[in-house]
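Trainee: If you read the protein sequences in the order shown, they are chains G and V.
Read in order, the letters of the first sequence correspond to residues 1 to 571 in the working numbering.
Read in order, the letters of the second sequence correspond to residues 1001 to 1380 in the working numbering.
No lab work stands behind these hints: they were computed from the structure.
No false leads were mixed into what you were given.
Label-pair distances were calculated between CB atoms; the ranges are: (1) V:T1202 - G:K104: 42 to 52 Å; (2) V:G1276 - G:L140: 49 to 59 Å; (3) G:M145 - V:K1223: 51 to 61 Å; (4) G:S156 - V:K1361: 48 to 58 Å; (5) V:G1327 - G:L92: 56 to 66 Å; (6) G:E68 - V:D1287: 36 to 46 Å; (7) V:K1223 - G:D164: 31 to 41 Å; (8) G:Q166 - V:D1287: 49 to 59 Å; (9) G:R2 - V:N1011: 32 to 42 Å; (10) G:E18 - V:D1093: 42 to 52 Å; (11) G:D164 - V:G1276: 35 to 45 Å; (12) V:D1081 - G:F23: 43 to 53 Å; (13) V:G1276 - G:I169: 33 to 43 Å; (14) G:E68 - V:K1223: 24 to 34 Å.
Glycine included, each C-beta is placed from N, C-alpha and C at the ideal position.
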Amino acid sequence: MRHSILERQLKKIQRRSETPEEFQEQLLAAVSDSYTNFENDLVFRDRSIKLMSEEMLDLNKRNQEKSEAYLSAIVNSVVDGVISINTSGKILGVNKSAQKIIRKEEKELKGTCFVSLLSEFEDLPQFINAFKGSEEAQFLVYINMEEGERIPCEVSVSPFNTEDNQTYIVIIRDITLRKKAEQELIDAKEKAEEASMAKAQFLSTMSHEIRTPMNAVIGMTNLLLLEDNLTEDQKTYVSTLKFSGEHLLTLINDILDFSKIESGKIDFEEEEFDLFELVNSIKQAYQYKADEKEIFLKLNWDKNMPRCVIGDPGRLNQILVNLVGNSLKFTDKGSVKIDASVKEDRGNHVDITFSISDTGIGIPPDKLDMIFESFSQSESYTTRKHGGTGLGLTITKQLLELQKGSITVTSEEGVGSVFTFHLPFKKAESQTRTIAEPFTATRKSLKGTSLLLVEDNKVNQYVASRFLSNWECDVQIADDGDSALELLKSHNFDLILMDIQMPVKNGYQTTVEIRALPEEKYQRIPIIALTASAVLEVKDEAMRAGMNDFITKPFNPNDLFERISKNLRLN
Amino acid sequence: MQTTQLIWKGNSWENYGANENIDPQLVLFFGATKVIAQPKIYATLREKFPTAQILGCSTAGEIIEDEVLDGNAVATAIRFDKTTLDVAYEFIDSSDQSYDVGEKLGKAISKEGLKSVFVLSDGLAVNGSDLIKGISSQLPKEVIISGGLSGDGADFGRTLVACNDYALPGQVAVVGFYGDHIHIGRGSIGGWDPFGPDRVVTKSKSNVLYELDGKPALDLYKKYLGEKAEELPSSALLFPLMIRPADSQEEGIVRTILAVNEGDKSMTFAGDIPEGYMAKLMMSNFDRLIDGANEAASITESQNRHKENGESLAILISCVGRKLVLGHRIEEEVETVQSVFDKNTKQIGFYSYGEISSNVKTDQCELHNQTMTITLITEK
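Same shape as in the complex, but just chain G:
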């Protein structure tokens, strides 16, 4: 079958040509023309394909460049540093932010080991494991700079695998400013704490400074009361002086306690003590006052109550004194009752309920909620009328709560108030306590006892030595630690009363040196610390230094007497 073009050419040429020669010539020309056309067409087509391929290649390249430029523009515009590294940790590329954070040009960084920039890591696996181990999406590293500077950075690492190779993308964020802000906060907190410490220190110092003259005032008043030849009027004056001095001391103690609680600086002792004796002695101490006001003061001791417990007797004493004192203060007729019973017995522990009820003026219902708040008495006039800092109940509540106890109050105006508090104690192993031999108060005497009083303050020397002389003691006085050590060489003392705060050589140091003396008696001789500081640490420190007991100034003469005689007996 002939090609359609040839067929058509034949037909056309046949129509036009008149001779066979003409036909042949025209046919050949037409066929040749077809070949040429076909060839030209092929060439043209090839050319077009080649041009198109070139264009497509070029376009492809441009698109690639464009998308690369786009990507790189994105990467360079982010604030975080972006670093790509290979699997052996070599840096492949960094963005502008990374160069800024690390403070090096990309050409310096390329090819170097990324991990070598960091302070804490040896190699890449260690770094990556550390990152995987951290819970956070970022973790903190430090980038080493010149001259030992370290830049804190948050980093995250993610594997980034392309067709050709495996890489990691490390994102770093400079957190110097945040760290600085954190540090400023820490500094500010420390400063605040320092200020608070200074405040506490100031209070402690002030309380000591105030106690020292108070010691003298109360001490002298006590001495005056011992005088036989006072007129009734004079006795009243001196009694008032004593009452006021003691009141002032209570106020100072309240403020000191309050500040200690506020600054969280309060500690509680854990010592075995006779609970009954403590409560009963408070009752006895207030008996005089109750009798004076013709008020019935009663202690109900439940039969299940343990005799001895482990806790802080001083603080319990403080709480009870406050509550019983308050009740007596606000009651003009009727009674004040102290009830002690077991709330819950839990084997080694026992919860005890104390309840102090009175038939006093009571507390208005709208003031009941505020009664334990700082600086509020039920009415501001009660402060004026009844005295006190208004801190007593606040301190009581805080002291109880700090020992896992609690306090509640019910009251009816004109009928009376009931303060009920619970306090947990550890039970003492032995409930049969050897009670200190009752002190025969008829005539106090320490006759034949040789005492050394180490005290720098002249007034205190005088007060103490007057009491001691009254009790028929033989008293030697040393003004400071060195004189005490000197006196010890030439005298045999039965007991030493040691002031803590002394210039040159304080009481602790002096005690340590006494205990270090070669002869055996110096290890045994009782040393009782005398201090105006009521802070518990002072007591601990005194015990550590080798002292046997501890009395705060201004001292109660009875207390001093008992401590001395107790320590003499023990020795």
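Given chain G, put chain V in place with the hints provided.
Mentor: Frame of chain G, contents of chain V only:
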């Protein structure tokens, strides 16, 4: 309906094949510019058919039955049994008047019973897209519009249109078909394939394209044409341009080139090239183009028509660009079209600078380029 085919024999019109002489209402003639520019072309037709509406245009090649001629003229005389006609024409000076001219023509033609409008337009001074929009704006939607832009061989020099007068440049003529008995089938297929990268139309004005991707469009064509650049503007027909809106994923429309301007390196196309559109070069080969022509015929044939009363007339308007590619095989596309239709269908037509056809699916009339566009007239 009855037709008589005629061919110009230098001095007179002669019957083409065995044709009876009839008394036609419509005569269409197509011929090379230099041929139909002769007053005797029209004068002799008018003498032959004194009462007929005579319309014609210049060409880039003439089609009669299965033959493609160059530098000649052909005509067909149509006798309708029941269909009536109306004609209108307008002159145009520059392409920016295209819409207005179309609107005037649409207004001028009677609407009563109008079924279809056949358009013959100047091929160089007209923006075909705008012209069609203008005509359509005045016609009911269901009226089928078809036709073509006149050609001037591969010269792009002067195109002529005749409407009951001598053929003249800068003219647009329309003939309307009326009544319930006329049926118009149509089909339009290219057979070109886009190739190479998408290019953005970065600078253009109406149908004048200046830049693609920020570079002169003419430079791109010259690069691809190589030696053939000397044959511009006609050689640009080897690479028609397909354009589409940037956000569209559909196949675009094809634009054919009308002129180039070496001064500002611009190219003028037969239709709009809006800025921001995506453009792609196209190319084809013999087989694809011939297959396209066959498909256009099949679509046309498939439309329901009534063959009871004798003859049908297929008016073939094909793009000059196809003629450039097909060369010696140009007649194959005419043959393949003829093979689809029955023996009673006569073929007449021309190679044009643009084809006009309603979309079969949407009835939206569009300007096409580089296609074989067929209008099949039947009367029942």
